[in-house]
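**Student:** Letter by letter, the chains look like this.
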Amino acid sequence: METRMLNVKINGRDYQVPDGTTILKAAREYAKIDVPTLCYLEGISEEGACAICVVEVKGARNLQRACVVKVSESMEVWTNTSRVREARKLNVELLLANHPKDCFTCEKSQICDLRELASELGVREVEFPRTRTELLPLDNTSLSLVRDPNKCVLCRRCVNVCAKVQSVYAIDIMGRGSNSTVSTFLDEGLGNVECVNCGQCLLVCPTGAITERSEIPDVWKALGNPDKVVVVETAPAVRVAIGEEFGMPDGTQATGKMAAALRSLGFDKVFDTDFSADLTIMEEGFELIGRIKNGGVLPLITSCSPGWVKFAETFFPKVLDHVSTCKSPQQMFGTVTKTYWAEKMGIDPRKIVVVSVMPCTAKKFEKERPEMKTAFHYWQEKLGLKDEEAFKDVDCVLTTREAAQMIREAGIDFTNLPDEDFDKPLGESTGAAVIFGATGGVMEAALRTAYEVLTKKSLAKLDFGDVRGLEGIKTADVDIDGTILKVAVANGLGNARVLMEQVQKGESPYHFIEIMCCPGGCLGGGGQPISDNPDIKQKRAEAIYKEDAGKPIRKSHENPEIKDIYKDFLGEPNSEKAHHLLHTEYCDRSCK
Amino acid sequence: MIRNQLLVCAGGACITSGEKSVKDVLVDELKKNGIEDEVQVIETGCMGACDLGPIVVVYPEGTFYQKVTVKNAGLIVNEHLVKGRTVSELLYTEPTSEKQARTSGDIPFYTRQVKRVLRNCGSIDPLSIEEYIARDGYFALGKALEMTPDDIIQVLVDSGLRGRGGAGFPTGLKWKATREATGSPKYVVCNGDEGDPGAFMDRSVLEGDPHSIIEAMAIAGYAIGAEQGYMYVRAEYPLAIERFEYAIGKAREYGFLGRNILNAGFNFDIEIRIGAGAFVCGEETALLRSIEGKRGMPSIKPPFPAQSGLWNKPTLINNVETYANIPQIITNGAEWFRSVGSAKSPGTKVFALAGMVQNTGLVEVPMGTTLRELVFDIGGGIPGGKKFKAAQTGGPSGGVITADYLDMPIDFDTVKEIGTIMGSGGLIVLDESSCMVDVAKFYLGFTVDESCGKCTPCREGTRQMYQMMERICDGKGHDGDIEKLTKLANVIRDTSLCGLGQSAPNPVLSTIRFYEDEYRAHIYEKKCPSHVCKHLLTYTVTSDKCVGCTACARQCPVHAITGEVKKIHLIDQSKCTKCGSCYEICRFGAIRKE
Numbered sequence: 001m002e003t004r005m006l007n008v009k010i011n012g013r014d015y016q017v018p019d020g021t022t023i024l025k026a027a028r029e030y031a032k033i034d035v036p037t038l039c040y041l042e043g044i045s046e047e048g049a050c051a052i053c054v055v056e057v058k059g060a061r062n063l064q065r066a067c068v069v070k071v072s073e074s075m076e077v078w079t080n081t082s083r084v085r086e087a088r089k090l091n092v093e094l095l096l097a098n099h100p101k102d103c104f105t106c107e108k109s110q111i112c113d114l115r116e117l118a119s120e121l122g123v124r125e126v127e128f129p130r131t132r133t134e135l136l137p138l139d140n141t142s143l144s145l146v147r148d149p150n151k152c153v154l155c156r157r158c159v160n161v162c163a164k165v166q167s168v169y170a171i172d173i174m175g176r177g178s179n180s181t182v183s184t185f186l187d188e189g190l191g192n193v194e195c196v197n198c199g200q201c202l203l204v205c206p207t208g209a210i211t212e213r214s215e216i217p218d219v220w221k222a223l224g225n226p227d228k229v230v231v232v233e234t235a236p237a238v239r240v241a242i243g244e245e246f247g248m249p250d251g252t253q254a255t256g257k258m259a260a261a262l263r264s265l266g267f268d269k270v271f272d273t274d275f276s277a278d279l280t281i282m283e284e285g286f287e288l289i290g291r292i293k294n295g296g297v298l299p300l301i302t303s304c305s306p307g308w309v310k311f312a313e314t315f316f317p318k319v320l321d322h323v324s325t326c327k328s329p330q331q332m333f334g335t336v337t338k339t340y341w342a343e344k345m346g347i348d349p350r351k352i353v354v355v356s357v358m359p360c361t362a363k364k365f366e367k368e369r370p371e372m373k374t375a376f377h378y379w380q381e382k383l384g385l386k387d388e389e390a391f392k393d394v395d396c397v398l399t400t401r402e403a404a405q406m407i408r409e410a411g412i413d414f415t416n417l418p419d420e421d422f423d424k425p426l427g428e429s430t431g432a433a434v435i436f437g438a439t440g441g442v443m444e445a446a447l448r449t450a451y452e453v454l455t456k457k458s459l460a461k462l463d464f465g466d467v468r469g470l471e472g473i474k475t476a477d478v479d480i481d482g483t484i485l486k487v488a489v490a491n492g493l494g495n496a497r498v499l500m501e502q503v504q505k506g507e508s509p510y511h512f513i514e515i516m517c518c519p520g521g522c523l524g525g526g527g528q529p530i531s532d533n534p535d536i537k538q539k540r541a542e543a544i545y546k547e548d549a550g551k552p553i554r555k556s557h558e559n560p561e562i563k564d565i566y567k568d569f570l571g572e573p574n575s576e577k578a579h580h581l582l583h584t585e586y587c588d589r590s591c592k
Numbered sequence: 001m002i003r004n005q006l007l008v009c010a011g012g013a014c015i016t017s018g019e020k021s022v023k024d025v026l027v028d029e030l031k032k033n034g035i036e037d038e039v040q041v042i043e044t045g046c047m048g049a050c051d052l053g054p055i056v057v058v059y060p061e062g063t064f065y066q067k068v069t070v071k072n073a074g075l076i077v078n079e080h081l082v083k084g085r086t087v088s089e090l091l092y093t094e095p096t097s098e099k100q101a102r103t104s105g106d107i108p109f110y111t112r113q114v115k116r117v118l119r120n121c122g123s124i125d126p127l128s129i130e131e132y133i134a135r136d137g138y139f140a141l142g143k144a145l146e147m148t149p150d151d152i153i154q155v156l157v158d159s160g161l162r163g164r165g166g167a168g169f170p171t172g173l174k175w176k177a178t179r180e181a182t183g184s185p186k187y188v189v190c191n192g193d194e195g196d197p198g199a200f201m202d203r204s205v206l207e208g209d210p211h212s213i214i215e216a217m218a219i220a221g222y223a224i225g226a227e228q229g230y231m232y233v234r235a236e237y238p239l240a241i242e243r244f245e246y247a248i249g250k251a252r253e254y255g256f257l258g259r260n261i262l263n264a265g266f267n268f269d270i271e272i273r274i275g276a277g278a279f280v281c282g283e284e285t286a287l288l289r290s291i292e293g294k295r296g297m298p299s300i301k302p303p304f305p306a307q308s309g310l311w312n313k314p315t316l317i318n319n320v321e322t323y324a325n326i327p328q329i330i331t332n333g334a335e336w337f338r339s340v341g342s343a344k345s346p347g348t349k350v351f352a353l354a355g356m357v358q359n360t361g362l363v364e365v366p367m368g369t370t371l372r373e374l375v376f377d378i379g380g381g382i383p384g385g386k387k388f389k390a391a392q393t394g395g396p397s398g399g400v401i402t403a404d405y406l407d408m409p410i411d412f413d414t415v416k417e418i419g420t421i422m423g424s425g426g427l428i429v430l431d432e433s434s435c436m437v438d439v440a441k442f443y444l445g446f447t448v449d450e451s452c453g454k455c456t457p458c459r460e461g462t463r464q465m466y467q468m469m470e471r472i473c474d475g476k477g478h479d480g481d482i483e484k485l486t487k488l489a490n491v492i493r494d495t496s497l498c499g500l501g502q503s504a505p506n507p508v509l510s511t512i513r514f515y516e517d518e519y520r521a522h523i524y525e526k527k528c529p530s531h532v533c534k535h536l537l538t539y540t541v542t543s544d545k546c547v548g549c550t551a552c553a554r555q556c557p558v559h560a561i562t563g564e565v566k567k568i569h570l571i572d573q574s575k576c577t578k579c580g581s582c583y584e585i586c587r588f589g590a591i592r593k594e
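The listed protein sequences derive, respectively, from chains A and B. Oh and the first sequence: position 344 is 344 in my numbering, straight run, nothing missing. Oh and the second sequence: position 458 is 458 in my numbering, straight run, nothing missing.
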């Protein structure tokens with residue numbers, strides 16, 4: 001059915017827009033006039049709460065909210081009258097009255113929507129006093145995120161993204177009127193509720209009210225300690241986004257500059273999480289093959305994404321046996337560094353500090369999980385270590401943003417650095433590992449290996465187009481030498497929930513499911529640079545697949561370093577030693 | 001054989017003034033005299049004359065006994081019922097003519113009213129469906145089920161009935177829109193979240209005549225094509241909830257609710273949903289969210305509930321008083337309905353008369369009645385010989401009607417023209433001792449507390465306005481405040497998301513419009529002309545009246561008063577906290593408050 005076109009007059013000029021178009025969209029896309037917004041996020045937060053996008057509509061008694069009011073036939077809209085300007089400005093002033101004026105030290109000051117809005121609207125003074133008398137306490141309960149309710153402007157973007165995109169519902173409005181705050185169940189704090197630490201709320205927050213729990217001071221401290229061997233690992237999605245922090249075009253592959261910058265920061269070794277991504281594929285691929293061959297629990301579901309893992313533990317604890325026992329690449333990396341590499345290099349594992357740079361805030365939570373101390377247990381007997389000396393497999397997690405901040409603090413001219421390589425031996429990786437950073441990437445990487453292992457044939461075409469792209473749920477039937485493998489890929493927990501409900505009901509038709517917590521996968525992670533480009537995920541994905549295509553080796557099982565680690569240390573995939581070091585277990589976090 | 005009936009008003013005010021114990025005494029005395037089988041005691045809904053309570057009416061004579069207490073209730077049995085003698089000490093005496101009234105028909109408070117919505121309140125036992133049926137109850141439902149839905153809606157359109165919740169939207173058009181909306185199922189909702197301070201019209205109907213609402217909702221269900229209704233009533237109305245719940249049970253028993261009602265093949269039932277006490281839940285979109293079990297917060301209209309309401313389905317939502325009109329319109333026709341009221345606002349309106357007026361209570365008058373009739377003829381005027389100053393209508397969303405407009409006929413449109421609203425019918429009379437700045441501050445404080453917090457102008461703006469009003473009342477106002485208040489008020493009105501925010505500045509704008517001089521006195525002269533705002537008062541000793549009794553000095557909590565026995569006392573203004581205790585204690589009128 002063809003959409004009806006409506007006539008609309010915007011600021012005196014005629015336009016035709018399809019039926020159902022909001023005034024905001026009509027103004028921005030058709031009339032090329034920006035109507036400022038604050039609480040609006042297309043498709044996610046469309047509540048008209050902030051009252052900034054108001055416009056005059058002929059015949060309407062009150063100003064109308066452009067973000068939610070749809071164009072009707074022959075509507076006349078005025079976006080730039082004094083009545084409109086005054087109302088917008090005054091509403092911004094009302095928000096600023098209670099907003100802390102600490103822009104100098106605020107983490108978000110350079111990218112604060114509220115500050116930008118005030119500047120755009122020409123707010124030069126706030127004629128209203130502060131009405132909130134007391135400062136509200138910070139929510140410091142989470143291992144990943146910090147919330148400062150004093151900076152919150154109650155736009156509800158975080159609430160909506162948590163509920164509508166992630167279906168986690170960890171935060172909502174509490175209290176009434178000017179006492180309302182965004183909070184958690186019974187004000188328990190993010191760390192004590194169902195929050196999965198994904199940080200999507202942080203990405204959409206227009207102010208500095210939600211930030212990551214910074215580990216920059218810990219990392220500086222380690223780097224400054226001559227007794228420590230500080231190694232860094234970088235996740236696949238970081239290299240295609242970190243350039244944005246330095247003004248490089250969206251979707252720049254900055255792998256070499258990133259390695260150079262980290263080395264310049266003083267890391268003793270600059271390694272690549274991609275190495276352990278390949279290792280994950282070996283372990284998870286063989287787990288899948290094993291489950292298929294031996295009639296194990298299917299579908300098998302990936303476990304790389306710690307936000308997703310906590311989601312499963314919280315909302316689907318009865319079907320945790322579907323989740324792969326493989327640790328995430330970050331955690332495999334930590335373990336391997338402090339066992340295999342330490343042994344190989346003859347370094348006391350207690351001296352090693354593993355820092356990972358991640359596109360993710362949930363990784364900060366993951367590294368603190370009590371079971372993530374495998375290397376310590378490995379050494380405990382050999383070195384006669386006491387329990388209180390227990391060290392973590394991964395010591396510090398920096399988000400992409402934090403890593404960039406350290407590079408800035410060190411005065412490194414990132415964009416003009418000559419490219420450098422990762423250090424060996426934990427720096428070699430394949431195209432299969434690189435694509436871990438995009439939704440569908442783990443699936444594609446696993447399929448490349450599973451196909452060749454199962455069929456003992458070489459894959460003619462390495463690209464599995466059906467599992468690529470940013471759609472929420474993708475499915476494919478993969479023909480493995482006559483056997484059909486049914487696979488599904490979900491990104492964003494709202495989509496994961498759909499697939500998991502099938503699994504819980506025993507109705508899932510799939511053999512293998514990849515789930516990534518964040519929309520778009522890791523490239524859209526909560527630790528990534530905050531961008532106002534609506535196509536940013538697409539840009540980063542393109543860069544990732546370009547990196548994959550340019551890699552000489554594109555299948556995990558062909559990575560020579562992977563071959564070495566199995567030959568010299570682990571034996572074979574899913575061996576007892578591999579199980580001991582590279583696999584983990586889950587717990588029921590549902591409220592009982 | 002029943003020879004007499006005792007109607008005991010069991011409205012909220014009468015219950016508070018001891019109705020339950022009075023009733024117990026009546027029942028006991030009847031037993032003592034062995035006439036409990038001859039005299040029936042019936043608790044009714046609110047009879048309206050709240051400050052005359054507890055009220056007992058003896059039928060068939062209709063003798064109206066007021067201010068009955070536990071001590072004198074026995075007289076009604078022992079004198080009136082046993083000996084046939086009227087208890088004259090319990091009759092009402094009209095203050096101006098000093099004539100005793102025997103029945104409510106002799107009391108001006110009642111004679112000037114036209115009871116349609118309240119026709120059964122105070123006349124029947126709300127727990128008895130038979131009594132409701134005896135008053136033509138459920139006749140309209142039967143008649144409606146023989147009509148087509150379109151004909152029913154046409155009658156409503158013709159009647160000109162407008163929503164009694166406050167906005168005055170034509171009810172017939174609302175029904176029509178809901179009937180024509182696509183989507184299934186459809187729902188009928190009754191808004192019983194009466195939240196304006198001092199208003200209790202809806203509560204009285206729910207407590208006194210619950211079947212009229214059930215009947216109306218069933219008619220609505222048939223007319224728009226819904227099988228499920230929800231009565232949303234606030235938790236603060238436990239008696240209304242109890243009686244309505246009971247009435248639903250009875251209606252089901254009698255086949256007026258449930259499946260195949262009156263064999264017409266029509267199914268309809270009602271469930272009660274109890275609100276948790278948020279004023280904003282009286283806003284229809286917030287109310288619907290609350291029924292859904294979500295946080296009661298308004299959403300943008302359109303879509304209107306008629307298109308997308310409860311669970312995104314077409315929903316008809318009207319308030320209690322609106323529904324209470326429906327059965328009679330169906331029974332008697334549109335012309336009958338239009339026979340009272342004004343052309344654009346036909347019918348009657350129930351007001352909760354309160355404040356500085358002799359007769360407070362619930363009154364129902366034709367639309368277009370003047371404020372003078374309401375305040376002076378029905379309300380009995382202002383007590384203590386004080387002058388009428390203004391009437392506040394529409395609660396926290398409304399404004400004031402000043403003495404200049406005493407003779408203006410009150411209906412939806414006329415009040416709007418002078419900057420206030422009809423609202424749900426709260427009418428608070430203010431006399432010359434009221435400070436209009438203080439009154440506006442009070443109402444604004446109410447909306448600040450009741451704002452849901454969703455949109456910026458209402459959440460932040462009303463709070464800022466309130467603080468400015470506080471400043472002004474505390475004597476800290478400064479030049480430009482009136483302009484700043486007005487500017488802020490206009491933006492809040494223009495950009496708030498729902499009716500609560502859009503109307504929140506009304507009390508301030510309305511009082512600035514009519515009483516700017518009072519604002520100016522507060523701001524520029526640091527004076528409160530009505531001597532209400534504590535911080536603007538000055539207490540001084542009048543030298544020619546002070547006898548030097550030292551009472552004030554001893555009473556002053558901050559020792560601001562000095563003076564020796566039999567010498568004129570002096571108040572140290574720098575110490576005075578304006579508590580007023582000297583003013584209260586002085587027997588010689590020597591303390592001046594200004």
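FYI, nobody ran anything at the bench for these hints, they're computed from the structure. Each hint should be verified, as a subset may be incorrect.
[Unchecked claim] Derived DSBU-like pairs (lysine-lysine); straight-line CA-CA distance at most 35 Å:
{"hint": "1", "chain 1": "A", "residue 1": "K89", "chain 2": "B", "residue 2": "K526"}
{"hint": "2", "chain 1": "B", "residue 1": "K476", "chain 2": "A", "residue 2": "K70"}
{"hint": "3", "chain 1": "B", "residue 1": "K578", "chain 2": "B", "residue 2": "K567"}
{"hint": "4", "chain 1": "A", "residue 1": "K89", "chain 2": "B", "residue 2": "K301"}
{"hint": "5", "chain 1": "B", "residue 1": "K527", "chain 2": "A", "residue 2": "K89"}
{"hint": "6", "chain 1": "B", "residue 1": "K313", "chain 2": "A", "residue 2": "K164"}
{"hint": "7", "chain 1": "B", "residue 1": "K567", "chain 2": "A", "residue 2": "K101"}
{"hint": "8", "chain 1": "A", "residue 1": "K25", "chain 2": "B", "residue 2": "K294"}
{"hint": "9", "chain 1": "A", "residue 1": "K101", "chain 2": "B", "residue 2": "K344"}
{"hint": "10", "chain 1": "A", "residue 1": "K505", "chain 2": "B", "residue 2": "K416"}
{"hint": "11", "chain 1": "A", "residue 1": "K89", "chain 2": "B", "residue 2": "K294"}
{"hint": "12", "chain 1": "A", "residue 1": "K25", "chain 2": "B", "residue 2": "K176"}
{"hint": "13", "chain 1": "A", "residue 1": "K70", "chain 2": "B", "residue 2": "K313"}
{"hint": "14", "chain 1": "B", "residue 1": "K476", "chain 2": "A", "residue 2": "K164"}
{"hint": "15", "chain 1": "A", "residue 1": "K70", "chain 2": "B", "residue 2": "K294"}
{"hint": "16", "chain 1": "A", "residue 1": "K58", "chain 2": "B", "residue 2": "K484"}
{"hint": "17", "chain 1": "A", "residue 1": "K70", "chain 2": "B", "residue 2": "K176"}
{"hint": "18", "chain 1": "B", "residue 1": "K487", "chain 2": "A", "residue 2": "K505"}
{"hint": "19", "chain 1": "A", "residue 1": "K58", "chain 2": "B", "residue 2": "K344"}
{"hint": "20", "chain 1": "B", "residue 1": "K578", "chain 2": "A", "residue 2": "K70"}
Only a predicted model underlies this, so the values are computations on that prediction, with no experimental measurement involved.
**Student:** Would you mind marking each hint as holding or not holding in the structure?
**Tutor:** Cross-check of the supplied hints:
no.: 1; hint: A/K89 <-> B/K526; result: holds, 32 Å
no.: 2; hint: B/K476 <-> A/K70; result: violated, 45 Å
no.: 3; hint: B/K578 <-> B/K567; result: holds, 22 Å
no.: 4; hint: A/K89 <-> B/K301; result: holds, 24 Å
no.: 5; hint: B/K527 <-> A/K89; result: holds, 34 Å
no.: 6; hint: B/K313 <-> A/K164; result: holds, 21 Å
no.: 7; hint: B/K567 <-> A/K101; result: violated, 58 Å
no.: 8; hint: A/K25 <-> B/K294; result: holds, 29 Å
no.: 9; hint: A/K101 <-> B/K344; result: violated, 53 Å
no.: 10; hint: A/K505 <-> B/K416; result: violated, 59 Å
no.: 11; hint: A/K89 <-> B/K294; result: holds, 32 Å
no.: 12; hint: A/K25 <-> B/K176; result: holds, 32 Å
no.: 13; hint: A/K70 <-> B/K313; result: holds, 19 Å
no.: 14; hint: B/K476 <-> A/K164; result: violated, 47 Å
no.: 15; hint: A/K70 <-> B/K294; result: holds, 25 Å
no.: 16; hint: A/K58 <-> B/K484; result: holds, 27 Å
no.: 17; hint: A/K70 <-> B/K176; result: holds, 23 Å
no.: 18; hint: B/K487 <-> A/K505; result: violated, 59 Å
no.: 19; hint: A/K58 <-> B/K344; result: holds, 26 Å
no.: 20; hint: B/K578 <-> A/K70; result: violated, 56 Å
Hint compliance for this structure: hints 2, 7, 9, 10, 14, 18 and 20 are not met, and every other hint is.
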